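Peer 1: Protein chains in written order, with this note's numbering: chain A, 1 to 573; chain B, 1 to 175.
Think of the hints as simulated: they come from the structure by calculation, not from any bench. For clarity, every value in this text was computed on a predicted model and none was experimentally measured. Among the hints, erroneous ones may be present.
[Unchecked claim] Only some residues are given here: those of chain B computed to face chain A with a beta carbon under 8 Å:
(1) N25
(2) P27
(3) L30
(4) V84
(5) T88
(6) H90
Backbone N, C-alpha and C define an ideal beta-carbon position, used for all residues, glycine too.
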Amino acid sequence: MSAQPPETPCGAEVLIRCLEDQGVEYIFGLSGGAAIPIFDALVESSIQLVLVRHEQGATHMADGYARATGKPGVVLVTSGPGATNTVTGLFTAMMDSAPIVVICGQTLTGNLGKDAFQEADVTGITYPVVKHSTLVRDANDVPRVVRESFHLANTGRPGPVLIDMPKDVSEAPCDAPLDPPIDLPGYSVVGHAKAPDVEAAAALLARSRRPLLYVGQGAVISGAGKVVTELAEKLRAPIVNTLLGKGAADETHPLHLGMLGMHGTAYANKAVVDCDLIFAIGARWDDRITGNVDEFCVNAKKIHLDVDEAEFNKVLRPDVCLHGDARLVLEDLLPKVGPLDTEEWLATCEGWRERYPLKYPKKGGLRPQHVLDRLNALTEGRAIITADVGQHQMWAAQFCRTRNGRNWITSGGAGTMGFGFPAAIGAQFGHREKEVWAVVGDGGFQMTLCELATAAVHKLPVKILVINNNFLGLVRQWQEMFWENRLSGVDLEGNPDFVKLAEAYGIKGLRIRRPGDVDRKIQEAREHDGPVLLVAEVVKEDNVFPMIPAGAPISSMIIEPPKERMEKPSGST
Amino acid sequence: MAAPDLAPQPEAAPPVHTISLYVTNKPGVLVRVALVFARRGYNIESLVVSAAAKGDFSRMTITCSGETTTLEQMIKQLSKLVDVVHATDHTGTEAYETEIALVKVAAPLEARTEILQIAEHFGAKVADYGTDSLILRAFGSSEKLNAFIALLRSQGLLELVRSGKILMARGLDAT
Ligand SMILES: Cc1ncc(C[n+]2csc(CCOP(=O)(O)OP(=O)(O)O)c2C)c(N)n1
């Protein structure tokens with residue numbers, strides 16, 4: 001080390017320089033021996049370190065930041081347990097195509113494979129849950145690896161990318177140029193779809209009388225919301241969106257029927273059953289959408305637009321596949337279509353909307369749906385809402401009508417409890433000026449609530465709405481409906497007093513007990529200039545409807561609470 | 001001694017495919033490829049990895065069995081791997097294919113003549129002449145080697161090592 005000129009930076013310093021060049025504003029992380037050189041290099045950096053309390057939280061913060069801003073979120077952790085604590089976050093980001101870059105310290109190169117202290121085979125452990133990963137063995141590779149990792153994370157179908165940095169690589173001198181060319185011969189990004197496929201899609205649309213646009217996360221990622229709406233207006237076609245595609249096209253638009261799928265609106269699902277053409281735009285026919293796939297839209301033509309070719313023919317065989325970026329392809333398609341004769345169809349959909357509205361009992365205690373309905377009304381659908389996983393998530397998805405895809409953030413593909421609150425922290429870092437609400441259940445919140453400290457330290461104005469039913473509610477609902485109400489492992493006795501908990505962290509705590517308190521307490525939380533934990537003590541045993549039992553055809557949707565016990569569902573979860 | 005195993009594969013057996021991957025020569029690429037197969041429950045029967053003509057790249061030739069529709073999707077998942085430049089299913093194409101087998105057979109004096117006759121018939125060479133055993137080296141299509149090995153089973157086959165199939169597209173087509 002002493003032989004080289006003092007001005008040669010080390011791998012860690014170059015790493016941080018390269019992150020600055022990528023425009024990174026925040027790093028969410030937690031240190032440890034193997035990562036100390038990188039944390040040391042951060043001292044001099046313009047990048048702000050957000051010290052988390054658990055590495056899983058860091059990954060969800062980076063994920064929430066990424067989904068709210070469209071820019072990759074960055075995580076920095078140490079080797080061994082620090083790195084393994086990121087696995088759930090990587091999986092969550094992978095399932096929902098969220099661009100995060102996770103940098104892990106690693107033991108010395110010479111120790112690899114020898115069970116050295118805090119040595120985990122991190123690239124090995126994470127292969128199935130990353131878009132790509134690199135174990136850096138030479139400090140001079142750092143600039144190229146960083147450029148490639150950011151390029152991979154946030155182009156094509158985005159996803160998590162991992163960089164494993166052995167300590168000696170972080171400390172070794174690096175005099176490689178900072179802007180080396182990207183060398184990824186096996187990776188290419190598609191833009192426009194093939195012209196004949198676009199023509200074929202236009203021809204199919206032209207013959208449709210009952211078209212339906214089914215919009216997913218891909219539309220949010222590509223910024224296709226505006227052109228989706230234009231397409232719907234031009235065709236005079238209704239829109240439905242997935243849990244993750246919420247708000248890609250404004251859900252308050254008159255042509256929008258809201259969310260489809262297992263807990264979607266009845267009118268969205270009825271439209272799916274009766275359409276003669278379904279056009280998937282950045283959506284992947286997930287089993288929560290199709291139910292029993294053999295009975296899904298059997299008589300409807302299917303068009304599938306996706307940036308990821310591996311999604312085509314995976315679940316079902318569409319009539320036309322459009323391989324490309326959602327926004328670019330729809331912009332190409334738009335001039336090739338004209339108004340369709342859908343007057344009757346739109347009237348039918350409107351009829352369903354009137355006949356089967358989302359509703360909830362107004363009596364019998366504080367209803368979670370009521371709280372979320374009011375949150376939506378009071379924030380006018382303009383706040384960023386992150387939701388955790390469970391009943392509250394489904395109610396939030398139903399009642400919060402999202403006007404912009406980046407204002408709705410939740411773990412869909414993975415269904416990761418504990419995601420919602422840290423994701424809100426990340427989103428708030430990305431948008432300091434915006435109102436951000438985390439809607440969480442009492443179960444999931446307790447999985448990552450240690451990040452209350454992070455919110456408090458940074459005086460983030462993030463609002464946490466705990467829908468407290470003292471149960472693992474969604475599981476309890478399944479046990480009630482399909483398992484003779486044999487409750488097993490769902491009672492959250494021992495819950496803390498959440499208001500006191502907030503206060504212990506120096507955070508304002510508020511409680512809603514009665515329906516009459518709802519508006520006032522939400523407003524009080526909104527007006528407070530700092531983090532607030534607002535706990536709604538809701539009725540314990542409410543259920544989410546409509547519901548399509550897992551694996552059943554969509555037509556078997558249950559709109560009202562059933563009177564008799566149901567068959568056990570054939571679908572997995 | 002075992003009876004000659006000439007029976008064709010049972011009808012229900014899933015079809016065998018040969019696919020060729022052109023990959024960047026980076027650590028971990030083999031694991032990433034293998035995981036795609038493992039996740040879909042696809043059985044790899046042989047796998048050959050070797051350097052390609054251009055440095056920094058490797059070839060993988062994989063024979064595997066499973067449903068054709070699953071394979072179609074797996075090829076796309078393989079192509080999606082950042083380290084895979086392209087993945088091609090050569091099943092049913094006219095590509096040139098070959099494989100090498102080394103077979104060790106017990107060769108007591110009274111059986112030698114017949115073993116050597118079989119070897120000659122299949123164009124196999126004697127690679128090692130021992131007092132009690134022979135190593136035969138045969139190459140050719142996998143089907144031919146199957147037939148060869150089946151005949152030798154009745155002669156007391158002691159060990160078998162096959163290289164796995166390798167293949168190259170004919171003419172100017174890229175493999
Ligand atoms: C990490 C994790 N563990 C378990 C589950 C299974 N699960 C799905 S919803 C749910 C209940 C969530 O309870 P809570 O957070 O209280 O929300 P509620 O459903 O009551 O609104 C469980 C246990 C999961 N999705 N994620």
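Peer 1: Compare the structure with each hint and give your call.
Peer 2: Status of the hints after comparison with the structure:
The beta carbon of N25 of chain B comes no nearer than 11 Å to any beta carbon in chain A, farther than 8 Å, and the hint placing it at the interface is violated. The beta carbon of P27 of chain B comes within 7 Å of a beta carbon in chain A, closer than 8 Å, and the hint placing it at the interface holds. For L30 of chain B, the shortest C-beta to C-beta distance to chain A is roughly 11 Å, which exceeds 8 Å, and the interface hint is violated. Interface hint at V84 of chain B: satisfied, since its Cβ lies 5 Å from the closest Cβ of chain A, which is below the 8 Å cut-off.
With its C-beta approaching chain A no nearer than about 14 Å, T88 of chain B sits outside the 8 Å limit, and its interface hint is violated. The beta carbon of H90 of chain B comes no nearer than 19 Å to any beta carbon in chain A, farther than 8 Å, and the hint placing it at the interface is violated.
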